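*Asks:* Sequence:
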Amino acid sequence: MLDKKKLLNSIFILFCIAVPFENTALSQIGGVFTSCLAFVFMPLFLLYAALSPRDIRKYEVAFLVLFSLFLGYSLVISLLYVEMNYLFVLDRGVRFFLINIALILVFLICMRYEWETISNGVKAIFAVVVMSYVLNIVARDFISNSSFLNYSTALSPHRLRGFTLEASTFGFQVIVSFLMLAIVMKRWRKIIFSSLLFVLLFISSKGAILGLIAACMLAWFLLYPVKLPTKILIGGVGVLVLSFILPIVFDTMFGVDIEKYNSVATRSTAVLTSLFSLVNYPLGAGFFGFLPSFYANGFEALSFMDRLFPNQLQFSEFVLYLKFGTVVGVSTKSFFFDGVIFGGLIFVLLYVYTFMSLIRRCIFLKDFFMLTLVIYLLIASVGYLTFETRYIAFFAFAFLLKGIAFSENAQRSNNDHV
0 MLDKKKLLNS
10 IFILFCIAVP
20 FENTALSQIG
30 GVFTSCLAFV
40 FMPLFLLYAA
50 LSPRDIRKYE
60 VAFLVLFSLF
70 LGYSLVISLL
80 YVEMNYLFVL
90 DRGVRFFLIN
100 IALILVFLIC
110 MRYEWETISN
120 GVKAIFAVVV
130 MSYVLNIVAR
140 DFISNSSFLN
150 YSTALSPHRL
160 RGFTLEASTF
170 GFQVIVSFLM
180 LAIVMKRWRK
190 IIFSSLLFVL
200 LFISSKGAIL
210 GLIAACMLAW
220 FLLYPVKLPT
230 KILIGGVGVL
240 VLSFILPIVF
250 DTMFGVDIEK
260 YNSVATRSTA
270 VLTSLFSLVN
280 YPLGAGFFGF
290 LPSFYANGFE
300 ALSFMDRLFP
310 NQLQFSEFVL
320 YLKFGTVVGV
330 STKSFFFDGV
340 IFGGLIFVLL
350 YVYTFMSLIR
360 RCIFLKDFFM
370 LTLVIYLLIA
380 SVGYLTFETR
390 YIAFFAFAFL
400 LKGIAFSENA
410 QRSNNDHV
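Read in numbering that gives the first Met the number 0, the sequence shown has 282 at position 283, and its numbers run on one by one without any break.
Please keep in mind that the hints were generated in silico from the structure rather than gathered at the bench. Just so it is clear, the structure is predicted and the values come from calculations on it, not from any experiment. Glycine included, C-beta positions come from ideal geometry on N, C-alpha and C. One should not assume that every hint holds.
When the alpha-carbon atoms are kept at most 27 angstroms apart in a straight line, the in silico DSSO-like pairs for lysine-lysine are as follows [said to hold, decoys possible]:
1) LYS122 / LYS401
2) LYS4 / LYS122
3) LYS57 / LYS3
Label pairs and their calculated CB-CB ranges [stated by the list, open to error]:
4) ILE190 / SER155: 28 to 36 angstroms
5) GLN27 / VAL137: 25 to 33 angstroms
6) SER412 / LYS4: 22 to 30 angstroms
7) ILE190 / GLY324: 47 to 55 angstroms
Take these sequences, add in the hints, and give me the full structure.
*Replies:* Below you can see the structure in the form of structure tokens.
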């Protein structure tokens with residue numbers, strides 16, 4: 000007789016193996032919604048949930064109810080744009096809904112499994128990420144060119160991108176997979192972390208490297224057993240040293256970008272757009288109001304930035320986003336600030352509460368690697384990455400919640416025995 004638990008665990012491991020493949024030819028079917036290879040396993044999990052209603056957890060029902068209520072709110076907001084091309088507004092809103100519900104489902108799927116199974120899933124993800132890293136070195140043409148596993152060609156062929164879009168997303172994938180493995184395999188933590196630092200040198204992702212450094216420094220600062228005056232002294236010295244080093248580093252890394260390219264202007268203006276949207280839509284613009292809000296508030300943000308930095312930034316890329324009907328690339332380039340436009344103040348409060356809770360629990364456990372992963376996810380999600388096809392990000396959120404709970408239970412058990 001078929002063992003249901005073993006079958007579900009096997010499907011989950013296959014799901015984990017597929018998670019790092021974020022840029023497959025499946026995007027021809029549904030764009031970003033279907034571009035991750037792990038998407039093909041979604042129908043199996045949904046089918047199981049439909050056939051086993053007794054196995055549905057209360058928190059899963061709560062998640063889906065809240066999401067449905069937000070969808071209803073989004074539909075109400077969409078009525079503000081009936082004078083526009085309303086079919087376009089509805090079409091894009093449904094797409095945003097599907098993309099976000101897929102991320103929620105990844106989180107809920109991972110939360111269903113026991114810590115041992117999730118740990119095995121981490122090892123599977125890590126193995127694929129390492130394989131993609133090696134292939135990027137020994138078979139650069141295969142990784143850089145278009146194929147089923149990498150549908151789009153590499154934006155910068157000289158930089159490693161694995162099975163993702165480009166170096167920044169691959170850097171995020173590498174850091175998250177290495178840190179999760181370090182959490183699972185405690186005896187090998189130092190070796191794993193040293194390997195991560197070595198591997199990152201060849202990915203050349205500014206956001207990934209600086210994000211990890213900042214996360215490690217903050218985690219050390221919060222956990223290292225020294226008195227507050229000493230921390231303040233060390234922090235002051237660190238700020239003083241960085242004040243001399245960072246201008247040189249940033250000039251090297253970003254100077255050409257500011258003078259020649261558009262990403263600095265685009266990202267900063269897009270973030271400001273989300274803040275203006277928050278003022279105009281305190282409860283969020285919803286799925287259907289995201290693009291109209293972006294178009295409307297983008298002009299105000301661009302005008303503000305141009306007054307703040309006259310003739311210093313190139314807005315040619317951002318201007319293209321503000322034409323009604325434009326959809327490609329229209330984003331704040333940040334999961335958090337996209338969420339600010341979608342969900343407004345409620346999203347901000349929930350996001351802050353969630354991360355503060357995770358940080359507090361990691362400090363209580365005195366786990367440097369868990370805390371580093373939490374802070375890095377915060378930095379990446381706020382600073383430089385969206386999570387549209389980054390299933391590994393929501394896998395990591397579920398992994399942290401399960402891992403923290405597992406560690407807390409183990410700590411209580413040890414205290415009881417003592």
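*Asks:* Now tell me, hint by hint, if it's right for this structure.
*Replies:* Each hint tested on the structure:
1. Restraint check: the Cα-Cα separation between LYS122 and LYS401 comes to about 16 angstroms, which is no more than 27 angstroms; the hinted pair holds.
2. At roughly 19 angstroms between alpha-carbon atoms, LYS4 and LYS122 fall within 27 angstroms of each other, so this suggested pair holds.
3. For the hint linking LYS57 to LYS3, the alpha-carbon distance of about 21 angstroms falls within 27 angstroms, and the restraint holds.
4. Taken as a hint, the range 28 to 36 angstroms holds for the pair ILE190 and SER155, whose Cβ atoms sit roughly 30 angstroms apart.
5. For GLN27 and VAL137, the Cβ-Cβ distance of about 28 angstroms falls inside the hinted range of 25 to 33 angstroms, so the restraint holds.
6. The hinted range of 22 to 30 angstroms is satisfied by SER412 and LYS4, whose Cβ atoms lie roughly 24 angstroms apart.
7. At roughly 52 angstroms, the beta carbons of ILE190 and GLY324 sit within the given window of 47 to 55 angstroms.
Checked against the numbered hints above, the structure breaks none of them.
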